[in-house]
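Protein sequence lines correspond, in order, to chains A and B. Letter 70 of the first sequence, counting from 1, is numbered 70 in full-length UniProt numbering, and no numbers are missing. Letter 9 of the second sequence, counting from 1, is numbered 9 in full-length UniProt numbering, and no numbers are missing.
None of these hints come from the bench; they were simulated from the model. Keep in mind that a hint or two might mislead.
Heads up, incomplete: computed chain B residues facing chain A, CB under 10 Å, no partners named [stated by the list, open to error]:
{"#": "1", "residue": "Gln-15"}
{"#": "2", "residue": "Asp-98"}
{"#": "3", "residue": "Leu-146"}
{"#": "4", "residue": "Ser-147"}
Simulated crosslink set (DMTMM-like; lysine to aspartate or glutamate; CA at most 20 Å straight-line) [what the hints assert, rightly or not]:
{"#": "5", "chain 1": "A", "residue 1": "Lys-2", "chain 2": "B", "residue 2": "Glu-93"}
{"#": "6", "chain 1": "A", "residue 1": "Lys-68", "chain 2": "A", "residue 2": "Glu-181"}
{"#": "7", "chain 1": "A", "residue 1": "Lys-2", "chain 2": "B", "residue 2": "Asp-42"}
{"#": "8", "chain 1": "A", "residue 1": "Lys-2", "chain 2": "B", "residue 2": "Asp-144"}
Ideal Cβ positions, reconstructed from N, Cα and C, are used throughout, including at glycine.
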Amino acid sequence: MKPAPFDYLRAMTTQHALDALAQSGEDARVLAGGQSLMAVLNMRLAQPRVLIDISRTDELGSVRVDHKAGLLTVGAAATQGNVEWRETLRDEVPLLAMAFPHISHFQIRNRGTVCGSVAHADPSAELPLVLAALGGDVMLRSRKKHRVLPAGEFFQGMLMTAREPDELVEAVRFPLKRPGERYGFTEFSARHGDFAMVACAAVVTSDSIRLAVGGVADRPVVEQWPRLRDEDLRGALNDLSWKLGAQDDAHISAAYRRHLVRQLGWRVIEEAK
Amino acid sequence: MSNTSNGNVMHVMRQGERQCVTLTLNGRERSGYCEPRELLSDFIRQELGATGTHVGCEHGVCGACTVHVDGVAGRSCLMLAVQADGRRIDTVEGLAPDMQLGDLQQAFQRHHALQCGFCTAGILMSCADYLQRVPDPSEAQVRDMLSGHLCRCTGYTPIVAAVLDVAARRRQGEAASETVEAAHA
């Protein structure tokens, strides 16, 4: 349970990180909070040749709110704790405030980063789900170019994203609370803090329902409906539960996953009304 | 290495290369050698000899190795020793300076909140950080914070009781010292 050998580079500036990625992108992993990556290295599920540590890259550590643009921008080195313990978060991005208590544990959120979770793209992770539900985006940067991808284009499959080997996830942007929107979040896991078997986030307005589901398909899936009610909503949730292509696994059956999508989906939408 | 980590120079350490890491352990500056892949948990125990921090699962789940990094509770098995260079690391040894148990440890003793003690060092470090931030937690909040730790002896109930007891006593202590100040005003 010790990592295989690697070269260690500590980036003091964003430029350092971009140069290192340009040089050894395919063989390198970016180390931010390390709360997923270090476990993976300890178990030798990954053996990168180079680790690029951005945890001390001050210019990547910011958390900024731009009310004019309506965005909360979280830099690559900012921890989940940095965002979670903001006193104003509940007014800024209420869905994030609802989701944080479900993410692993207090001690892990103290060091884990928001961008790291998004870049890792675990299909059952909460932060990719919230980003997808809100229609946020991911800012990618390499030595050659900047680009911004909507969450729906960034997530491409289980632990797969549109990030190219020489690109750094420089920041992610969550839309701020919009007037008339209400939110709900819930998940089901074996124990508190474990990976979600099914996680649901809802954004409800006077004429629309948006439901994002994690933990079933290979990435967060977002579905939008008009304000369906009663049997219509039950029917739509049932269709969605089949569309996600749930699989049997060591934890629960596909049928139970579909059941959870129908039940938790209904519950978060009710909660958000 | 402390010198090279300052300023705008990218610090580079090749695999297998051993370099000196200097950190502040429980208020004292300490140095040791490590290669890039050495975990902070192993460095603290094996290089610095502070064996109060325990190593359990080595993938962040059990919580036994929890320490403070610049005052914030985190897993020392999910951090490289080289990442701690120049930082302040506090471990369970720091809770009992001069071999006198701190109030958290005394409460754990009063409530029988440990049996084998393997998980205790990490739990104490989590509690120390959490009570600084949330001085008046509910039982649900304490249980939520403890969910980041595995204890196979106690069933957690006495741990919850100990943490709530410390929080209450600290608040009473503060209230008492405020009364004294008021009387002297």
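Would the hint linking Lys-68(A) and Glu-181(A) be met if the CA-CA limit is 20 Å?
Given that 20 Å is the threshold and the Cα spacing comes to 18 Å, the pair holds.
Can the restraint linking Lys-2(A) and Asp-144(B) be considered satisfied, given a maximum Cα separation of 20 Å?
violated, 29 Å
If you draw a straight line from the CA of Lys-2(A) to the CA of Asp-42(B), is it 20 Å or shorter?
holds, 10 Å
Should the hint that Gln-15(B) touches chain A count as held when the rule is a Cβ pair under 10 Å?
holds, 4 Å
Any CB of chain A closer than 10 Å to the CB of Leu-146(B)?
For Leu-146(B), the interface hint holds, since the closest Cβ of chain A sits about 9 Å away, which is under 10 Å.
Hinted pair, alpha-carbon criterion (20 Å max): Lys-2(A), Glu-93(B). Please report holds or violated.
The given pair, whose Cα atoms are some 25 Å apart, is violated under the 20 Å limit.
Let me know if the C-beta of Ser-147(B) comes in closer than 10 Å to any C-beta of chain A, holds or violated.
With Cβ-Cβ at 5 Å, under 10 Å, it holds.
Would the hint on Asp-98(B) be counted as holding, given a Cβ-Cβ threshold of 10 Å to chain A?
Hint on Asp-98(B): violated, closest Cβ of chain A at ~27 Å, above 10 Å.
Taken one by one, the earlier hints fail for this structure at numbers 2, 5, 8, listed in ascending order.
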